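Undergrad: Sequence:
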Amino acid sequence: MNEDVNDFAFLPLGGTGEIGMNFNLYRLNGKWLAIDCGIGFSGNDMPEADILVPDPEFIARQNENLLALVITHAHEDHIGAVAYLWPDLECPVYATPFAASILRRKLREAGLLEDVKIHLIKMGDHLKIGEFDLEFIPVTHSIPEAQSVFIRTPYGNVLHTGDWKLDPEPVIGDITDLDKFAELGREGVLAMVCDSTNVIVKRAPESEAEVRRSLTELIGSIKGRVAVTCFASNVSRVESIAYAAKQANRPVLIIGRSLKNLEVSARENGYLEGIPPFFTEQNMNDVDLDHVVFIVTGSQGEERSALTRISFDVHQHISFGTGDTVIYSSRTIPGNELAIMRVQDNLARRGARVITSRDHFVHVSGHACYEEVCELYKIVQPAYGVPVHGEWVHLNAQANVAKEHNAEPILLEDGDILRLGPGKPKIVGSAPTGRLVIDGSRLLSVDGDVLSARRRMLYNGVVVASFAVNMNGDLLSDPNISAPGLFDQHDEEFDDVIDEFGELVERLPHRVRLNDDELVDNAKVVLRRILGRRLKKKPMVDIHLLRL
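Following the working numbering from start to finish, the sequence shown increments by one per residue and tops out at 562.
There may be inaccurate statements among the hints.
[Unchecked claim] Just the calculated beta-carbon pair ranges, DEER-fashion:
id, residue 1, residue 2, range
1, E418, R119, 41 to 49 angstroms
2, T336, L134, 43 to 51 angstroms
3, N297, G238, 21 to 29 angstroms
4, L134, P182, 22 to 30 angstroms
5, N420, S235, 42 to 50 angstroms
6, S235, M298, 22 to 30 angstroms
7, G365, V278, 31 to 39 angstroms
8, D510, R318, 35 to 43 angstroms
Since the hints were derived computationally from the structure, they do not count as laboratory data.
Everything numeric in this text was worked out from a predicted model, so none of it was measured.
Heads up, the beta-carbon is just placed ideally off N, CA and C, and yes, glycines get one too.
Let the hints inform the model, and build the full structure from the sequences given.
TA: Below is the structure:
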C-alpha cells in the first residue's frame, strides 16, 4: 500500500468485532494518528492466556510517520497497552491530566517514564497535530475526563466518540455536551465512528446518581460486614460506594493494587472530594474490620484477583463468611460467566450473601444504550456510521440504528482500511492484525509456538521420559516417566506404560540405538503411540537420553 497517497483513511487494529483492545489509526496524507491503545481479556475460551494487546506490527514498521497517540480516557481497554506497545510506536502521547496520571504509573513500572513525552489535553481543547485538526468534546462516562475527538480534514470531518453515555446526573465528570455535538452536526460530519458496547439494550437511560442513592439505601440497611466489587477503574462507582459507606458511618478499606493506584490518581486530580482517605491492607489494624465497607477488585472472576483469592480462602489478610454480604456492582463481560459464577459459588458456600444487579439496583452501564445512540445520530446527522467497540451483535445493532437515521453503515473487521476521502468512502485494503499475550514482561503471539505448546499441554498434557543406555544402546535400567495430570503415579496402567516403553525401545534397530538423535526421535514416536492408544490423547512428549 502506498503510504504517500493523499487521502483520509480509518483503520481499526483492535476493538472491532470483540470487546477491548481499542487501537484505532487515522491516516491523513501519509501521516498517521493513533487513538487509544488498550488491553483485552481472553476469557474462558483461552485459559492459556490472560491479558491481550493488539499486535502493532503494521504501524511499527512505519512509526516515523506516526505523529501521536491520543487517549480518550483512562479505562484499561483504552490505555492499558500503552506501556507494552510504546517501544514499537515511539510517538508522543496526548492525554488529559487524570489519564496522564494513570499512564505515568504504568510507564514508571515499565521503566519508560523518562522516554515517553506526554502532552496534557484540557477538557474541550482544540489543537493541531500535523495536518490533523482535533477538537475534544467532553462526554459522560464512568471515569473522569472522558472525551470524544472531532477530526477536521479537507476530505471531511469525522467524530470519534470514544466511550460515552447521556447522564443528566453524573457523579463525577462532565455532562455530555449535546449542544457541541449539535453544532458539529450543523458544520457537517462525514462519518461517526461510534461505540457499540451497550446499543442492544433498549431501556430508558439510567444515571450513576440513581445507583448512588440505591447503594446508599442498600448498604445502610445491611447488618454485618459489606464488600463491594466493581471495575477498579470505575471512579464514579468507587466514589458512589465510598459515599454510601460514609452515610452509613462505615470506613472504607480497599483491597487490590489497582484500587490503590486509582485512589492516588483520583485524589491528585481533585476527585473523591469529601471522601475520607481509604484504609488499605497496610493499615487495616487501625480500623474495626467488622464495621467497614470493603471495596475489592475481581468482579470478573480474574484468577489472581483479590476477590477470587478471598473466595478460595487463600487471601493473606481477608476472609468472608457467614454474616458477610458481597455486592457485585458491575456487569459481566461476555466470556467471564463461568469464572464469576465459580467465585460467587465459593462465597455462598462459605456463608456469605451475594447480591448482584439481578437482586438490587447496584449497577448502570457507562456506555450509551439504544435510545442514547439514536439521540446522538439525530443530533450529529453523519452521512456514514462506523460501529466499533463491541461484538458483532453490537456492531450490527448499531448499523441498524445508522440506517434508521439516514446514515449509511460501514461494518469493518480489524485490519480493514476504510478510505474516507477523496470520493465516496470504501474499503480499499487491509493491514495485518493479530493479538499478543502479555506473559510476565514478554509479549507472545497468540498463534506462536509458545502459546501453541501451552495449549497442547493444557488440553493434552505433557510427558517427560528419561532413560540411560550404554555405548551399545542397551538400556541400563527401567525408564523414568513423569506424566502429571495424565496418570496417577500409583496407577497400574502407568506401570504398564513404563514397561511397554522400555520393551519397545529395546526392540529398536541396533543402528538407531547407536545414534543419540535417532534414538531420541524414535523413542518419542514410540511413547506417543503408546499414550495415544491408551489415553486417546496426543500429549507433548520430551525425551532425556543419557549415554554411559
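Undergrad: If a hint holds in the structure, say so; if it does not, say that too.
TA: Hints and how they fare:
no.	hint	in the structure
1	E418 to R119: 41 to 49 angstroms	holds, 43 angstroms
2	T336 to L134: 43 to 51 angstroms	holds, 50 angstroms
3	N297 to G238: 21 to 29 angstroms	holds, 22 angstroms
4	L134 to P182: 22 to 30 angstroms	holds, 28 angstroms
5	N420 to S235: 42 to 50 angstroms	holds, 49 angstroms
6	S235 to M298: 22 to 30 angstroms	holds, 25 angstroms
7	G365 to V278: 31 to 39 angstroms	holds, 34 angstroms
8	D510 to R318: 35 to 43 angstroms	holds, 39 angstroms
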